[in-house]
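> Here is how the chains run, residue by residue.
Protein chains: 2
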Amino acid sequence: MINPDEKFELLTDLYELTMTASYFENGMAETATFSLFIRKYPSGRAYFVAAGLEQFLDYAANFQFSESDLTFLDRTSLFSDDFLDYLKTMRFTGSVDALAEGEIFFRDEPILEVTAPIIEAQILETFVINTINLQSMIATKAARCVHAAAGRRLVDFSLRRAHGTDAGLKVARSSYIAGFVATSNVLAGKVYGIPISGTMAHSYISSFGDELEAFRAFARSFPKKTILLIDTYDTIAGARKAAKVAQEMAKEGHKLLGVRLDSGDMTDLSRQVRNILDEAGLKDVEIFASSTFDEYKIDRAIKEGASIDAFGVGTKMGVSADAPYFDIVYKLVQYGERPIMKLSTGKVNLAGKKQVFRKIDRNGRFTEDVIGTRDETIESASPLLEPVIQGGKLLRGHPPLKEIRERFRKNFAALDEKYKALHDAQFYPVKLSAHLKEVQEASSG
Amino acid sequence: MINPDEKFELLTDLYELTMTASYFENGMAETATFSLFIRKYPSGRAYFVAAGLEQFLDYAANFQFSESDLTFLDRTSLFSDDFLDYLKTMRFTGSVDALAEGEIFFRDEPILEVTAPIIEAQILETFVINTINLQSMIATKAARCVHAAAGRRLVDFSLRRAHGTDAGLKVARSSYIAGFVATSNVLAGKVYGIPISGTMAHSYISSFGDELEAFRAFARSFPKKTILLIDTYDTIAGARKAAKVAQEMAKEGHKLLGVRLDSGDMTDLSRQVRNILDEAGLKDVEIFASSTFDEYKIDRAIKEGASIDAFGVGTKMGVSADAPYFDIVYKLVQYGERPIMKLSTGKVNLAGKKQVFRKIDRNGRFTEDVIGTRDETIESASPLLEPVIQGGKLLRGHPPLKEIRERFRKNFAALDEKYKALHDAQFYPVKLSAHLKEVQEASSG
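Chains A and B, in that order, are what the protein sequence lines are. Counting from 1 along the first sequence, just add 1 to a position and that's the residue number in the working numbering. Counting from 1 along the second sequence, just add 1 to a position and that's the residue number in the working numbering.
Okay, chain A solo, but in the shape it has when bound:
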C-alpha cells in the first residue's frame, strides 16, 4: 500500500520531468503561460461546472520534492546532478488566474491559466488536469441530476464504485457543490463537513431472516433516523410491514422518516407504496429511491408521475458513466513575449494570456461570453478569471464549501433553460474579442 505520507509531486507523467530537465539544460527559462480548457462538449453536455481548484492551488503553493522523491529520480539514471539539485530547491513562484469553483463555463474558455518560468508551469500539467478533470466532470454530471430532480433531494451513493479512494472523496465534494444535499461517504463528512446520510442494506434484512423483525430492530436502534429498505423480498409486502412498524413507532412517540425502494419499476412501485403509506395515515413518511439513477432516469420517473421524495444517486453519477472523461488539455499559449498557437490536425488553441468576460442582462440572466486577452476591458461584461496565486503565494484562504455551493446555485439559476436542457440543449454563445482575434492572426502567420 502507498505510504500514507507520500505526497504527489511525482504523480506526474515522466515527460514533464524529462522536458523540464531539457529546458534546464538548454537555458529555457523565460516566463510561460499555460491554459487549461475543454475542447469539446461530451455527448449531451452544453455547459461545464468548475470544481477542483482548491486541491490544485494547495498542490502548486506547496510544491516541493521530498528527499525520497529525489532519491528515486536519481536512481532512474535519467537526470543530471545539476538538475536534481535544482529540483531540490524548486518551488512554484508564478501566478495562477482561475475561475472560482462553482462557476459555469463553456467549451474553449480557460478554466485557469498558469504563468511562471516554463519549468514551474510545465511541471504542474499532469496534476492540474487530473484533479480538475475529475471534479469538474462530476460537478457537471451532478448538476444535470439536480436539474432533472426539479427540487427533489439528491444524495451521493457512489462511493463503492467510484474509481478509488481519492475519487470517492472528490465525487462527494463535487456533487455537493452542484446541489446534492448529502453523501453516504462518512470520510467526506469528516474531511469536508458534508452532511452524511444512509439507510440499510439487504444484508441487514437477510441476517434477521424475518423482515418485520429486522425493521423493528433497526427502529429500536435509530428511533429518530430510520429509513426502511423494503424490497428485499417483495416490495409491496415490505411496504405494508414498514407501515406497521411506523404505527408502532408512533405509539412510542417516534416517527419513521421514510422507506427505500432499490429495484423494480420505480414509477409503478413508488405510487403503490405511496398509497399504502397514505392509507395507513403516514402521509409524511417519505419515499426514497435508489436504483441506477442518473439525470435521464430521474427525469423519466418524475415525468411519469413517480411518487419519490428523494433519490440516492450512485454509480452513474460517480463515474460520469456516459462521459467518463472530458477532452481537457493544458496548453502552452505564451512563451516570453510570443503568443503560441499549435497547428497540428484539428488541435488549435487560443494563443496568448486570456480572460473570460460574461455579459448579464438586467434580470441577471447570462446572455453571452466573450473570450478576450487578459489585459483588455469589455464593456458591460465582468471578467471571470481571478488572480488566486501570485509570486507563488495564495492570495486568499479557500472559500468554504457552502459558499461554493451557493455560488453554483445562483449561477445555475441565471443560465437559461435552453442551455441546460437534458436533451438537445443549445450551445451558449461564446465569442472572441476583436483584440484576441488579432493575437490569433498574428501568431498563426
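Worth flagging that the hints you see were computed from the coordinates, not collected in a lab. A quick note: this is a predicted structure, and the numbers were derived from the prediction, not measured. Do not rely on the hints blindly, as some may be mistaken.
[As the list claims (entries may be wrong)] Now the stretches of chain B that chain A is said to cover, found in silico as 3 or more residues with beta-carbon under 8 Å: (1) 14-20; (2) 87-100; (3) 124-135; (4) 220-229; (5) 429-436.
A virtual CB, placed ideally from N, CA and C, is assigned to each residue, including glycine.
Once you've looked at the hints, dock chain B against the given chain A.
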C-alpha cells in the same frame, strides 16, 4: 486538502456503521460470510481479471478506527457510547478466501469471501468493492488492449484523466499486471517499481518555436532516451526532421529510439513515416503511437497494416471508457448455519460458502469452471479461492507485482481465443456443482 495521514476506515457508506450499530445493540454476533462477485458482463466483455486484493488485505488486516475517527462519529450523535467503545478496540478477526491477483474469473464466481462476526464482515463492504471494482475493471480493459496489440508493446499514458490520484496509481498497477510494459506515472514507478516511460509534449516543441531546434535540444539532453514527437505542425515534415536528427545523433555514437505520432490517421501516417525512416537508413528507429487508442482502435490499426511498434494507451483504458463500472456486489450468503439467498426482483445470489473449481485439459487449456460449496472436492478440478487471512492475520506476504503479472500471462495464454475475442466472444462454461444446487434449493424453500 485531506490530511495526508488520514486512513480509510471512514471511507465507507454511513449505513455500514448504522447497520453494525444495530447488529451490536440487537446482539447479532454470529459468524457471517459475504461473497464478492460480478453479476453481469458489461458490453463486449466475457472474462474478468482479478486485481486489487493486496490493497484490500492490507485494509482488513490493519483495520482500526483512529481517535479522530471516533471523535467525528461521536459528534454525529448517531451512535451510543457503548458502540463507540466497541469500535475503539474492534479489529478484523475473521478469514478471507480469495482468488489470487492475476487470476481470470467469470460472472457469478466469487472473487473473494469474507467470514467473520457479522459486524466485522459488514463494515468492510464499501472499501472492498471500491478497490476491487476499480482494479479488476482496469486489468480487464488493459488485458483486452494487450490481446489486441498481438505482441506489440503498450505503455500506460492515462494518469492525467484517471479519476484522481489513487486511480492514477491503481490504473498503472492494474495495467502492468495485465501486460503493459511501462507507465508514464512516475509515482507508480516509485511506489510499485513499475518501469516508467515518456517522450515529450507539444509544449516542448512550441516553446522552442523551431521544431528542428527542439529535436536537437532534446537529443542533447537525453542522447540515450530520445523519442521525438513529430506531429506538432506537420507529421511528414516532422518525420523528415527527426530522420535528420537521428543521423546527426548517429555521428555522435547515439541512437534515436523512436518517433511519436499523436494525431491524424494512424495507419496512413505510420506507413509514410516508416518509409521516410527506412529510406534514411533508420530501420531500427521505432514508431510510437498515442492517439485515443483502446482495444478496438489498436485492433483496427494492426489489421489495416499500420506500422506501429508500440502504443501509448491513455484515457480510454484508464477510465475503462466503454464500461466505467462493473455490476460488482458484496452479498451476505451465510449467517450462522443458515445459507442466505436474496430474492427480490432479478437479484438472486448463490447462497452458502463457495469455492471455484477450474478444469484444465492435458494441453493446459481452461475447459470449464464449477462453482461448488467451500468444503467439497471436485474431481479433476483445482480450487481457485485460497485462504489469505485467518484469525485476522495475513497468511503470507504479498506476491511481487512481477509474479502477479506472470501469473496473468500464463492464465491468459490458457484461455481459448473464442472466449477472449474482442468481438462476439463466447461465454465460458461455468456450472454449479450438484452439492451447491442442493444448498440453493434448501435455502430458497
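> Hint by hint, which ones does this structure get wrong, listed from lowest number up?
Hints 2, 5 not satisfied by this model.
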